[in-house]
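Participant: One letter stands for each residue in the lines below.
Protein chains: 4
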Amino acid sequence: MSEEAEKLQRPRSEALNEILGVPFKVLDDGFIRVVDYMGSDESIVQAARVSYGKGTKKVSEDRGLIRYLMRHHHTTPFEMCEIKFHVRVPMDCWRQWIRHRTANVNEYSTRYSIAIDTAQKTPANEWRLQASGNKQGSEGFINEEMGRKFTQREEELYQTSWKVYQERLEAGIAREQARKDLLLSTYTESYWKIDLHNLIHFLALRMDDHAQYEIRSYANTIGYEVLSKWCPFVWEAFLDYRFQSMAFSRLELDLMKVISGGKKKEAVELAIKYGWLSGEGNLKRNREREEFENKLQFLDIEAPWKELV
Amino acid sequence: MSEEAEKLQRPRSEALNEILGVPFKVLDDGFIRVVDYMGSDESIVQAARVSYGKGTKKVSEDRGLIRYLMRHHHTTPFEMCEIKFHVRVPMDCWRQWIRHRTANVNEYSTRYSIAIDTAQKTPANEWRLQASGNKQGSEGFINEEMGRKFTQREEELYQTSWKVYQERLEAGIAREQARKDLLLSTYTESYWKIDLHNLIHFLALRMDDHAQYEIRSYANTIGYEVLSKWCPFVWEAFLDYRFQSMAFSRLELDLMKVISGGKKKEAVELAIKYGWLSGEGNLKRNREREEFENKLQFLDIEAPWKELV
Amino acid sequence: MSEEAEKLQRPRSEALNEILGVPFKVLDDGFIRVVDYMGSDESIVQAARVSYGKGTKKVSEDRGLIRYLMRHHHTTPFEMCEIKFHVRVPMDCWRQWIRHRTANVNEYSTRYSIAIDTAQKTPANEWRLQASGNKQGSEGFINEEMGRKFTQREEELYQTSWKVYQERLEAGIAREQARKDLLLSTYTESYWKIDLHNLIHFLALRMDDHAQYEIRSYANTIGYEVLSKWCPFVWEAFLDYRFQSMAFSRLELDLMKVISGGKKKEAVELAIKYGWLSGEGNLKRNREREEFENKLQFLDIEAPWKELV
Amino acid sequence: MSEEAEKLQRPRSEALNEILGVPFKVLDDGFIRVVDYMGSDESIVQAARVSYGKGTKKVSEDRGLIRYLMRHHHTTPFEMCEIKFHVRVPMDCWRQWIRHRTANVNEYSTRYSIAIDTAQKTPANEWRLQASGNKQGSEGFINEEMGRKFTQREEELYQTSWKVYQERLEAGIAREQARKDLLLSTYTESYWKIDLHNLIHFLALRMDDHAQYEIRSYANTIGYEVLSKWCPFVWEAFLDYRFQSMAFSRLELDLMKVISGGKKKEAVELAIKYGWLSGEGNLKRNREREEFENKLQFLDIEAPWKELV
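Residue numbers (numbering that gives the first Met the number 0), protein chains in the order written: chain B, 0 to 308; chain R, 0 to 308; chain F, 0 to 308; chain A, 0 to 308.
Because the hints were derived from the structure by calculation, they are not lab data. Check the hints yourself; a few may be wrong.
Repeated chains share a single entry, so a pair holds when one copy, or any two copies, can fit it.
BS3-like, lysine-lysine: derived pairs with alpha carbons at most 30 Å apart [as the list claims (entries may be wrong)]:
#, residue 1, residue 2
1, K162, K134
2, K272, K262
3, K120, K162
4, K272, K256
5, K148, K24
6, K228, K272
7, K294, K134
8, K148, K228
9, K134, K148
10, K134, K283
11, K283, K272
12, K262, K24
13, K228, K24
Computed from a prediction, not measured in an experiment: that's the story for all the values here.
Can you make the complete structure from the sequences, with help from the hints?
Facilitator: If you want it as C-alpha cells, here you go:
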C-alpha cells in the first residue's frame, strides 16, 4: 500500500505527530508523553456518517458535525479515537487516576523491579491550607517560613523511608514486601491507553476546579498540550459545550422564569417553598441557594432576595 | 517529526498495511475490512517491559515473551493494541456479536437512513439439520431438493417483507417504525473497534466449533486473514496456548494419574464415585464422562472402562 | 441472624417489595417486572458516608445528601444499588436496549428453543409519520384508513414468516438457522441486571423525547412504576437535576449575560459572530440558534433578534 | 407481598445470612465483611433456564447445571448474582485489588477525612526472602533476629510518618496534601461490590500461588468463608473446573500423545523441535519445558528425557 493510500485509511494528526514521544513535565518530576494514537477529528466524522449510509450527501461541515455530536451527547463516534500515554505520577495521585476504569493500564511493577527513587517533594511556598467551606479542598498557602520546615521534614522522612527500603533489599527481603512502607508521594510510571470519549470524561472531571491540584495539573497538560493538537475541533467543542457549560436544575429554571419576568416577590416565595430561604425570608446558609446565586452572578443577574439581607 | 522517528513511536505492521481498507468477503454478501489500528507485536513487548524498569536487560526474545504472557494469562499488555473494523453482518448474527460488550460500536442507523437492501440468503445445499446430541447445534444438511424449496421460499419472503417496507416508506411512515418487520437476515453495517485482548477472547469463543457457522465465518476471517498478519507472534501463541489447548478438571486430573499408573480398577471405582458410571459399572449416558473420553481419545489413551461395554 | 438484624444489613424497600414479580404491561404484548434487587435510598447514603469516616457526625439528612450527590455527579454511591428485571421486548427495540453495555444479560435463546410466537403489532391508528425536521424522528399519525391497510399487511407478513419458520423446523432444519428470517418485531425475553447509576443513565437517554416511542415506553414504565417506588429520593433528584435540567453552553451563557443586561444590539452582534445569524442579520435556519431560542422561550425571554424577522 | 412470596422472588442464602455484617479478620488489622448480596445458586439456574423457554422440562439438577455452566465457560448466568463487601486493606494491597475494573467501589476518603491510624505491621518472623527463580515472588523467611530489627525499624518509620502527618494537620495544611507521605502500609477501607462472575475471576487470580501473600489472604477468606456459604454449588464447581484444573497447550498435548504411546525417542525429538531441549539433548534451563515437567510429575508420569541427565 502506498504512503498516500495509507494516510487515507489511517488518518494522522500532523500536529500530534510533532510531539510524539516528547515528555511534558508535570509537578516536580512527573511527565506525560504520547506514545501512540489512532484517529483524529476526521475519524469521528467518518464514524458518525456510517449512520447516514452510502446515499447521503455531506450533511454539514466536519466542525459543525463534531460540535453537534458533543452538544447532544452522541458519544459513540468519539470512542473511535484512541490514545496511549506514558506517564510518571506520584502514587498518591495515581490512586485517583486509576479510578477511571475504562482505560487500559500497564504499571511499573515494584514487585518485579526496584522502586523508582524519586518522590514528589513540596516546595516551601506550596503547602496548601485546608479550605474553610469545603471539607475536601484547599485554599491559600501556609507562610513560607513554616513551609520551609515542612519541606525539610518531608525530605528527611523520604530519606528515612528510602533507607529502610534499601536495608530490606540488601538483607534479601522480597521486593514485593520491602516496598510496603514507601511513601505515597513516590513516583510510579504507567502506560495508559484510553478512547477519546472516556478521555473527555476524565478531563471534564479532573480539569475541574474541584479536582485536586496534582491531578488537575496532569489533566490540564493533557488537555491544553495534547488534545488541543490532536483533535482541535473536539477540544473546542469540549470547552464550549462541556467544560465551560452550566446546567440549571428544574428548580433553578422555574426560578429563572419568574425572575426574568421581573416578579421578585414570587421568586422569593418559590425559594421559600424550595427550603432555600427560611419562612421569614432569612438568609441562613443553604448550599443549593448559594450555588444558584453564583450562577446568577455569572449572568450579571441580581438575586431577588439580595435586598432581604 | 521525521518519518523515521514516527515509525519508532508508532509501530506499524507492514503486512497489515497491505490490506488496510481491503474488504474480505464473508457469507454471501458480508465483509470485514480493517479501517485503522494501533500497535503490533512490538507494542505488547514494549508495554510488558514497563514492568521491568529501565535498568533491566532484555529478558528474552520478543516471541518468547509474548508466548509467556499468553501462556500465563498476563492480559494487560495485549490491551495496548487496538483495531477498528468496518463490517457487514446479517442482523441475526450481529445479535450474537454485539454481546461482546468491551468494544466500541457505530452501527448503520435504519432510524436515520433507509435499510440496506440485501439479506443473507441460504443456497439450496446449505440448509443445516438440527444436531441430535446438542440442542443448540447443527449437523449435516437437508437434501438439495428440499433445500431448493426452502431457498425459494426464503427469497419470496424477503421480497414480500421488502415490499411492505417500501410501501410504508412511500406512504410517509417514519423510518424508525417502517423497519419493524424487516427480516433478521437483513444485513447491517458497523464500525467495530476493540483492543487485542478482547479480540482474542472474541476469537476464542467464536472460532470455536460450538459457535454458530455464520459468526464463526467472520471470526475465522478475522483470525486467519487479519490477526495472523497484524501480530504474527500473538496469533501463533493464541493457537498454541488458547485455541488448541485443552483443560483438564480436578476430577479428570485425578483419573489421569490413576490411568497413567495402569490401575484400571481404581480408575473405574473413581469414575463410579464421580457418578460418571452407575454403581454396576454400566455405561449409561453421562455428559462429563463422554467429554473426558473424547480427551482420552485425542491423546490415544484407552478409557479404562471401555471393556465394560 | 434474626429477621430484624437482617433488615439492618440488607435494606429493603417495602414499596418495591409490593410489586416484586408483578409484570407491568408495555406495548401490546411486552412487559417488565422486577425479579430481585439490592439496596435502597439508604444504601446510597451509607456508601457515601464511608468517605466521611467514623468520627464524622451526620452531615445532612438523607434526602439532602442524595440530592447533593446527584447534583454534583458523585456517581459511585449510586452504583451500590442493583436491580434485576425480567423483560419482554420486540427484537427491534432490544437492538437499541442492548447498546447499554454496562448491564448483565441473559436472553432467551432461539438457538436452543423455539422462538416466542408473538410480535409487536401496530394498531391502525398508531402508524407514525416521518418527522419533517428530524431525520430520525416521527410526528403525527397516518390516517386510520390507510393505517388499517398497513396493520393488515403486517399481520399477513407475520403469518407468512411464522409459517416459513414452522416449515423449516418441521423439516428438521436447525433452530439456529430456521430463525434467520423472523421479523424484527418478534418479541424476545431477557433477564436484565444493572446498577442504579447506569439505570439512571439509561432512563436519562431513553425517557427523553428524542428516544423512539417503543423504548421510551419501557423506560417510562421503569422510571414511573419502579424507580419511583424503589428509591423515591433518587427518583425525585433525577427528575430535578438531570431529566428536567437544562444545560447552557459557553456561547449561550455569554449571550444570556448580554441579554439579561438588556443589550439587544450586542446580543445580535454576538450571534452574528457565532455564525448563528448571517452578516445581514438574516434568520436563515441555524440549528444551534434554534436550540437556544427554544431555551429562551422556555424561560419566557424574547430572542433579541425576533424583531429582525 | 407476603414474606413467603418475597422469598420466592428474592432467593436468599440462609448460610450467608448467618454471617451478614460479621467481620472476618485478615492480616493484622484488616477485615472483610458482607454488607449485602443478591441471588444464590438458585438464581444462576433460574437465569440459565431463561434460555430454554417456558415449554422446557427441567433439564437436569441444579448442581449439574451449575457445573456444566462453569465447565463450559457460560459466564452470563453467574453475572446475575451480586455481592457487596466492606473491606479494610493496606493501601499497598489495595493498589493490586483496584486493578479489577469490573467492580463498584466507594473508598474512604483521606481527602475528606483524617486517615485511618493503623498500618499493616510485619511481625519478626514474617519477613519474606526474595524468590530465587521468580523475580516477582518470595520464598522462606529471614531469620527472626534480623526480623526483629526490621519490625522495629518499621514501627519507628510508621511513628515518624504519622507524626509528620499530624504536624501538618495541626498547622492547617489541607488533608488532601497532608496525606502525601503516608506509608503504603496504611490501611484504607472500601465498599466493594461485584458480580459473581467477576468475583470468581478475582478469586482465580488472587487465590493462586503466584498472587502476593497479602491479597491472597483476602481472596482465600472471601472464597472459603463467604463464597462457600453463599453459593456452595458454584464454589465446588469453581474448585473442580477452574482453580484446581490444569491446561495443556497444543505442544504439550502433542507430546502427551507420543508419551502415552510409549515412544520416548519421538518425544525427545519433538522436544528438541520445540526448542525445549538443545540439539544435543542437553537439559539447559527452559521455562516451558520445566512447566511441562511439573505437569507430568503431577500426573506421576516420567519425563522421557529424564535419563538424559
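Participant: Work down the list of hints and note, for each, if the structure agrees.
Facilitator: Results of checking the hints against the structure:
In this homomeric assembly, K162 and K134 come within 30 Å of each other (Cα to Cα) only across copies, at 22 Å, whereas the closest approach inside a single copy is 35 Å. Within a single copy, K272 and K262 get their C-alpha atoms as close as 15 Å, which meets the 30 Å cut-off; across copies the closest is 33 Å, which misses it. In the homo-oligomer, the alpha carbons of K120 and K162 lie at most 30 Å apart both inside one protomer (17 Å) and across protomers (18 Å), since each shortest distance falls under that limit. For the homomeric pair K272 and K256, the shortest alpha-carbon distances inside one copy (16 Å) and between copies (27 Å) are both at most 30 Å.
Taking the shortest alpha-carbon separations for K148 and K24, only the intra-copy value of 26 Å comes in at or below 30 Å, while the best inter-copy value is 40 Å. In this assembly of identical chains, K228 and K272 lie within 30 Å of each other by CA distance solely across copies; the values are 24 Å between and 49 Å within a copy. Taking identical chains as interchangeable, the C-alpha atoms of K294 and K134 lie at most 30 Å apart only when both belong to the same chain, with a minimum of 22 Å there against 35 Å between chains. In this homomeric assembly, K148 and K228 never come within 30 Å of each other (Cα to Cα): the closest approach is 41 Å inside a single copy and 54 Å across copies.
Only within a single protomer do K134 and K148 lie at most 30 Å apart by alpha-carbon distance; the minimum there is 25 Å, versus 40 Å between protomers. In this homomeric assembly, K134 and K283 come within 30 Å of each other (Cα to Cα) only inside a single copy, at 19 Å, whereas the closest approach across copies is 50 Å. Taking the closest pair of Cα atoms, K283 and K272 come within 30 Å of each other only inside a single copy of the chain (15 Å); across copies the shortest separation is 43 Å, beyond that limit. In this homomeric assembly, K262 and K24 never come within 30 Å of each other (Cα to Cα): the closest approach is 53 Å inside a single copy and 45 Å across copies.
With identical chains, the CA atoms of K228 and K24 are at most 30 Å apart within one copy only, with a shortest distance of 17 Å there and 37 Å across copies.
Going down the numbered hints, you'll see the structure goes against 8, 12, while the others check out.
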